[in-house]
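Spelled out, the chains give:
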Amino acid sequence: MPTPAPLIEMRGITKSFGAVKANEAVDLSVAPGEILGLLGENGAGKTTLMNVLFGAYAPDAGEILIQGKPVRITSSADALAAGIGMVHQHFHLAPRLTVLENLLIGIPGKAGRIDRAGGLARLAEIGRQHGLTLDPDLAVSALSVGEQQRLEIVKALFRGARLLILDEPTAVLAPTEVDGLFSALRSMAAQGLGIIFISHKLNEVRALTHRCTVLRHGRVAGRVDDPANTTSAAMAQLMCGHEIVPPARGASTPGADVLTLDGISTSQHSGTALRGVSLAVRAGEILGIAGVSGNGQRALAEVISGVRAPDAGQMTIAGQNVSRFSPREVQALGLGRIPEDRMTTGLVTNLPLADSMVLPRIGTAAFSAKGLLKPDAIRAFAEAQIKAYDIRCPGPMTRAGALSGGNLQKALLARELAFDPKVLIVSQPTRGLDIGAARFIHEKFLDMRAKGCGIIVIGEDLEELLVLCDRIAVMYEGRIVGTLDSADATIARLGLMMTGAEGHS
Amino acid sequence: MFRLEVRTSTPAWFNLALPLLAIGATLVLCSGLIALAGAGVLEAYGVMFTASLGDSYAITETMVRAAPMIFTGLAVAVAFRAKFWNIGAEGQLLAGAVASCFVGAIPMPGPLAMVLMAVAGAAAGAAVALVPATLRVKFKVDDVVSSLLLNSVIYYALMALIEGPWKDTFSGYPISPPIEDSANFPVLLEGTRLHLGVVVALIAAPLIWFLIVRTTLGFRIRVTGENPEAARYGGINVERVLLSTALLSGALAGLAGVGEVGGVHFQVMSDISPGYGYSGIVVAMLARLNPLGVVPAAIFLAAVMTGAEAMSRATGVPAFLSDVIQGTALLAMLVALLFTAYRIRRVGAVR
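Protein sequence lines, in the order shown, are assigned to chains A and B. Residue numbers for the first sequence follow our numbering, so the first one is 17 and each next one is one higher. Residue numbers for the second sequence follow our numbering, so the first one is 881 and each next one is one higher.
Careful: at least some of the hints might be erroneous.
To be verified - Among the chain A residues that face chain B by a calculated CB cut under 10 Å, a handful are: (1) Gly257; (2) Glu259; (3) Val261; (4) Gln336; (5) Glu345; (6) Arg353; (7) Thr361; (8) Ile378; (9) Ala382; (10) Ser384; (11) Arg415.
Said to hold, decoys possible - Label-pair restraints from in silico Cβ distances: (12) A:Ala382 / B:Arg1120: 39 to 47 Å; (13) B:Arg1120 / A:Asp278: 48 to 56 Å; (14) B:Val1079 / A:Met413: 27 to 35 Å.
None of these hints come from the bench; they were simulated from the model. Ideal placement from N, C-alpha and C gives every residue a C-beta, glycine not left out.
Could you build all of it, start to finish, from the sequences and the hints given here?
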C-alpha cells in the first residue's frame, strides 16, 4: 500500500517506573487507513506505551506527533481531542443508562439540553458506514459483551476518533462475533482511520493487520511488514526471543471416572442456569467445555466447586455423592480449582501473596494446628512455590495485587497443584497471558494429566481447547449440546455447535 | 499540576508516619479555632499537655479515660478487619455496663463478682452486636445503618431502666443502685483512679493482635474482609466468620462498659459514656486497624479529652474543642490513608 504521512507517530518514547524501564526508545507509527498490530508478551510494555499515547502517563523522553505536528497529551481528554480513541479490555460504560445516553456522556448539548436527535442521527450514520448497529434505547446492562464492545467502538467514532486503539478486543468474543468485529475494523480502515490492534492471538493478527510492531522488554524487538505471509512461529519468536514449540499432547489411557455430573440443574440466581447437565471426566483425561461465555459456564464451575448447590441432579467425586458438599468438603476430596476471575474469586489482592497461596487449606495440619497458624510453614510453602514456578515477585509477603496476571495465574496453579488434586476445574486458564506463560500453564496441565488427574477446562479459545483437550463438550444456554473427540473436532464444527446446533458424535 | 498515581506497595514506616502526620495536621488546623476563641495557641496546647501527661497523676487520669477507648477501639478494629461495619460500639458498651451493674449488685465474693461482671458485660455487648450482623447475613440489611440506629435503642432502653425500675427512690435521681463495694475493681495506685480494668485493657490489645495475626480465625477474618468471594471459594464459611467477628467485637465493646461500671462510676447513669463507642472508630482508624496501634491512639484521644477540660478552665477556650480535635483527627487520618494507595506526582512537561 502507499505510504502517506503517518496519522500518528511516537518517537523515542522512554518511560521508567523506578528502576524498571517499561519503554525504552520506542518508535511507532500508524498511517491513515492502516491497521497496525502491536505484539509483545505481558510486561513487554504494550500497555505502558498505549497509556502514554492516551495521556495516562507522561513519558520521560520522546515525542508524539499527530499528522507531523508535535502534541502534548497529558490526559485522556487531550487524547480524545487529538482524535485518539481507546477500547479497553474492561469496558467503561454506565450499565443503567441506554446506548444513546452512554454515547452522549460528556458531550456538550445545545443550551444545556441533550441533543438527542443529533445523537440518533450520528449513531445511525456510524451504524450504516461500518455495520455497527445498536438499538439506541436499550440499557447497556441488557447488551451482550460483544454489543458492549461495539458500543465502545461507536463511542470512540462518535467523538471523532481518527485513531482507534483496541486492547485485546477478541478475548471476550465468540468466533462469529470476531468476524463481525474484523469486518467493521476493515471498513473503518478503508475510510482512512488508523487502528492499533493489541492481541496475543497471532492468527488474528495475521488475518487482520497490515503491519506489526513487536515489543520485547520495553524495546522494539522487530517489525513485520507482511503479517499475512509471516508464520505465527516467526512472530512468536520475535516476541519471546526464542522459539516456541507447542506442547505435544501424547496418547493417554484414561482410567475410571473421577468426576461425574448427572442431570444437574440450578435455579437462575444470576447468569444462565444449568439445565440437566451430565458429563464425566476420567482420570488422566482433559475435558474441554467450549461455549460463548454466559451460557452457564459460571454456574457449572460454581456447582463443581461446591459454592452453589444444584436444585436437581447428582454430582460425584471418586464415586462419592458430593451434590450437597461445601467448598471445603470437595477440596478435601481432591478438587482443585483455578477460577476464571483471578482477582475476585481466586486471590486476596490486598493481603500478602502467601496468604492467598494457603487460603483453601488454611485449616489443614500443613498450615495450622489447634486454631493457631504456622507462619513459618506458610512462608516456607509460599517460598518453595515461588521458586518452583518461577513466580516473579519480591517475596511471599508482597501484596498479591502487585503481581502481573501471568504470575498470579502461576501462583494459583502452584497452590492447587501442590496438593495433587484428583480433579481440576479450570476456567479460561490463559486469558490475558502471553505465549510463554500460556505454554507453561499448558505443560503443567499435561503433566497433571499424565499423573492421572482428571481436568475440566472451561474456555472460549477453541484453538487452545483443541491443543489441550482429549474431548470437548459444547455448552449452549445451560445445556451440553454435544461432545466431540478432539480428533473429530474442528473450529468450524465447534463454532457451529456454540450457536446451539446439535453436535453429532 | 499535581496528580495521584497508584502505588504498588506501601512502605512499613507509613504505619507510624501517617497517624503522626494526621495528628500534626489536626493540631495545626485546630489552632485556628483556639486563636479565634482568643487564647494563645501554644499556651492552650501547653495546658492540654500538662494536664493530661504532665505528671504521674495526670497520666493515670488519662489512662483511666483511655481504657474504655482501648476496648471500643479494639472492637471496631476487629469488626472493620472483617468489613463488618460495627458503628454500634456505643450501644454495646452501654449494654455491657447495664449487665455488669446488674451482676455487680448481687452480693457475692469480690473476685467472683468481677469475673461474672466481665462475662455478663461481654455477653451483653456480643448479643447486641449479633443483631446487625444477623440482619446482614440473613437479610442483607446494611450493617452501618442497623448498628448505628441500635445505639439509640439501647440508650433509651437504659434511660427507661434508670428512670423506671432502677430509679433511686431516695434522691429521685435517674441513676442505678450502686454495685456492691466488694465488686469495685481494685485501685492499683493509692490516691488515683487507676483500676484493674485499665491493665486488662492494656493486656487485651496484644491478645487481640495475636488473634488477628496468628490464629486461623484471624486469618479468616482478614480474608473475609478483604475478599469475601475468594474466601467463600476457598472454603471459608463467610457468614459464620461475620457472626464470630460480631460476637468478638461486641464483647470487647461490652467490656468497655464493664470497666466504667466496675472501676470508675460503680453504677449506671445516663452519661456513663461520653461517646467512647464513637471515639473507638477514631481510635481504630488512627491505629490503621492494628490492635497494637489502638493503645497509643486511645491514649492520644484520652489525653485530648482530659487536657481539653483543663485548657477550658485555664484559657476560656470551650472544652468542645476536644470533640473538634477528635473529628478533625478522623478526617485527617482518612485523608492520610489516601497516601497508602496513591502517591502525589508532579505532572511535568514532556522533555
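Results for each hint:
no. : hint                             : in the structure
1   : Gly257                           : violated, 26 Å
2   : Glu259                           : violated, 33 Å
3   : Val261                           : violated, 34 Å
4   : Gln336                           : violated, 17 Å
5   : Glu345                           : holds, 8 Å
6   : Arg353                           : holds, 7 Å
7   : Thr361                           : holds, 5 Å
8   : Ile378                           : holds, 5 Å
9   : Ala382                           : violated, 12 Å
10  : Ser384                           : holds, 5 Å
11  : Arg415                           : holds, 6 Å
12  : A:Ala382 / B:Arg1120: 39 to 47 Å : violated, 22 Å
13  : B:Arg1120 / A:Asp278: 48 to 56 Å : violated, 31 Å
14  : B:Val1079 / A:Met413: 27 to 35 Å : holds, 34 Å
The structure is inconsistent with the numbered hints 1, 2, 3, 4, 9, 12 and 13, although it conforms to all the rest.
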